[in-house]
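Colleague: Respectively, the protein sequence lines represent chains F and C.
With this note's numbering applied, the first sequence has no gaps in its numbers, which climb one by one up to 562 at the end.
With this note's numbering applied, the second sequence has no gaps in its numbers, which climb one by one up to 1373 at the end.
In case anyone wonders, no lab produced these hints; they're calculated from the structure.
Errors might be hidden in some of the hints.
As the list claims (entries may be wrong) - Calculated lysine to any residue pairs in the SDA-like style (CA-CA distance at most 25 Å, straight line):
(1) K62(F) / F1048(C)
(2) K54(F) / K1326(C)
(3) K173(F) / F1071(C)
(4) K1326(C) / K62(F)
Claimed, not checked - Computed Cβ-Cβ distance ranges for the label pairs, DEER-style:
(5) K54(F) / D1278(C): 32 to 42 Å
(6) V382(F) / Y1156(C): 45 to 55 Å
(7) P523(F) / Y1156(C): 50 to 60 Å
(8) I119(F) / A1138(C): 18 to 28 Å
(9) V109(F) / D1252(C): 55 to 65 Å
(10) K1225(C) / E28(F): 49 to 59 Å
(11) R1056(C) / E303(F): 27 to 37 Å
(12) F1040(C) / Y122(F): 53 to 63 Å
Don't be surprised by glycine CBs; every beta carbon is placed ideally from N, CA and C.
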Amino acid sequence: MKIKVDGKNVETNGKETILDVCNKLNIEIPTLCFHKNLFPEARCRVCLVEMDGKLVTSCSTKPRNGAKIITNNEHVLKARKRNLELMQPETLVCSKEDDNEICQIYKQVGMDDSRFDQIKEYHPELGDAIVRDENKCINCGRCVQVCGEIQNVYAIGFQGRAHNEHVAPFGNKKLSEVACIKCGQCIINCPVGAISERSHIKETEVALNDPKKHVVVQTAPAIRSSVGELFGMSAGSLVTGKMVAALRRCGFDKVFDVNLGADITIMEESSEFLRRVKEGGTLPMITTCCPGWILYMEHFHHELVPNMSTCKSPHEMLGMLTKTYYAKEAGINPKDIVVVSIMPCTAKKFESQRPEMKSGVDYVLTTRELGRLIKRKNIDFVSLQDEKFDEPLGISTGAGTIFGASGGVMEAALRTAYELATGKVVEKLEFDQIRGDKGIKEGSININGTEIKFAVASGGKNMEKLIKNKEKYHFIEMMACPGGCVNGGGQPIYSDPETVQQRMEALYEDDKNKPLRKSHENPIVQKLYKEFLGNPNSKKSHKLLHTYYTLRDRFEAKELKK
Amino acid sequence: MQINKKTNLKAWKRAQEIGPNKILKILDKKGLVGRGGAAFPTARKWGFAKDAKADRKFVICNADEGEPGTFKDKSIFQNNGETIVEGILIAAYTVGAKRCFVYLRGEYEYLRKKFEKQIKDVLKKAKTDITIEVVRGAGAYVCGEETAIIQSIMGYRGQSQYKPPYPPVEGLWGKPTVVNNVETLTCAAQALIFDDWDPNLRLFSVSGNVTKPGVYELPLGVSMKKLVEIVQPKNKLKAMSFGCFGGIMPIDYDMIINNETICKEDCSHGAYTIILIDEKQNIVDICLSIARFYTYESCGKCTPCREGTIRLLNLLKKVKKGQATKKDLKIMDEFARHIQETSLCGLGQTAGNHIITALEHFPKDFEVFRHEN
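All chains, full assembly: derive it from the sequences and hints.
Modeller: Given below as structure tokens:
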């Protein structure tokens, strides 16, 4: 099929949209509601182009044979600008700190002030993990589509008609009142910042300024390959050392590594798994590192409670050890210790407030909040010299690092489970079947004559699919965000679709370069079990490192009575 | 009236005798086109659905008559319900559908009981396994649009969807679906058996400042003068409007009413809805009420319609208060055209017509408020 784009003859296969064709030609067309993984609803009407003299949305229109397409005449440019003008929220400030996607589009089209008055009057909602300000919303609907089509949660939809149409849970309820898994995928897909995390920066700063408090910070595996993006570094830059240095300059007393928490999780989880296999416990066993997945299960899949591992998530384990083991070693009253986790995740904010976690972690900051904190302290992140994590809870293995990518927990667990069960050295550390960006991955490994089948899913729809086929497997890893924590709801907002892959590769690279790559070989893990915890799954570790689950309503946030 | 002629199951019997291909041939020859507004040839629409391969197909009778000033379908329901049912059956038989829906306008609830009884009776007499369900709309104007109807019947928000795929290929639950207006389906049954059936006879809904408003069956090509004589205006007429989306024109007694002439006036022909406005009215008031209608009825999906219609209304309110400047009128015209050009569905694509035409033909009506203050 032959078409003409801006006077140039182009061959196209008839399946591509005008936007696809233009992207190939490096013609940049501003888009807002368009998302490569979602059905083009063509709501925002910003990606307009002229086809045979008529304005059409390039994201949803396939060109006719012989069509003449113009992407940049006055007619097109003015129409795009007018639609942006119509939805321009008054409250939106395009600051340097939060360079929202829409600000880039404003720059692209040369936006002026709107000629219209603001008509929206909504009360912002301050949820326990997610904050929404509908006055900023431009009704692009990406959050609604991601929540439903990708995450399978359907917590939010459109309410009201005409200019009263707005994004809200069914019946205009608050997000904190309905079944929401707090994964934050709506946040990283919002082009205007109308949805954001509940900030814990203020609370953290109060603790930092209190001389009586011993403030410990611990950083998740997935943020070391993404936090650099907030300072203009390319995606997938591994900035562990700079991050530790910046945190020290922020005033934290100790900087610990959640990778160690991950190593301990592996010890607990693989021991639990081997016990279940040996004693005929409920299989498949499902990992519980992801608080989004846990909420998903608690709301929608009560039947899976027996399948869930009882392990807490890595940062909760480490927080608990900080307040017990480390407090004792350092001679500090646990009540004076404040643990702050830096997480790629918004659901962790909710998790840290669960009563069953017994305040192992006090505050959770997202990767984005960390960036804001560092900028607020005027720290020149990029030129910082690398520094190392603090002892004793700062030594970790490559197995802990790969927790940040979908499939990583499973890979780390298998490395340890195989060696613990067989006493033999695992032949190949890389489990390639469960690496990469596929939504569902699977594989198998022979442990003592038993063929152990395992599978990995990330993203709500994929988790749902895997749950339907769960009987085939012995061991399942679930991550609520597509791609795992590297694409978490607390991560820097990106527009380049390659970003997630680059963050993931950086973690695997980090693992490859580590001298220790198996959790059970971590000397501090061995020391912890020897001196403090006893054996994995011991009574003490159960008390500190394991948890239980709360059944919740299918539609509402409320807990069900037992 | 031709439309009230009952077919008494003869059309259904004939349809079964001659088979789908012949039905399409006859409807094509008789020149039946959609009566909802778009005037798409019915035989072609049914042909697409018939040729589409699928395990299930559906027929929807669009009875969501929500266009202001349009009430022709109501009169068919009141006078010839059985023939509507027969038309639906013939459509279903032709395309191979087993399940049919009648999407009834929310406000027409009072017609439902009688019609459901008629469905029951006709289905019984017709001895068929085709089923017809009446689905009541919730009062949204946009649900008169075929893709929005489909969304609404499936239980989703009644919002227009991007086309293609068109419903005859991919409609209800992703299956081929024929959506036809009440009048179209009734005509289909009649066209099949009445040799003297005339495609040029159309239903006109006439209202406004007239003493005899109502539904009239008139041939296409009738002059405005003749029509005005029939409905008897109260005062000297000033303007005419072909439904809300048709815009507001100065009255033209010499106008011959048919597809071409109405389209030449740069407005959609709609379903032959004619509102006559006399000299006592100010056009700004008319625009205000039309703008209120659009502002309320926009579904909210796409930006220009959702955000634009309320802005047009606010500007009109400013005009009425005598506060509008020349610049405001310019913005009004600019955005009325913009909404039309960039909206997703037919509602938005016509939502600015009344303002564009009013500003063009009745500029003095916009000035008068400023002089008053």
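Colleague: So which of those numbered hints doesn't the model satisfy?
Modeller: Numbers 2, 3, 4, 9, 12 - these are the hints that the structure violates, sorted from lowest upward.
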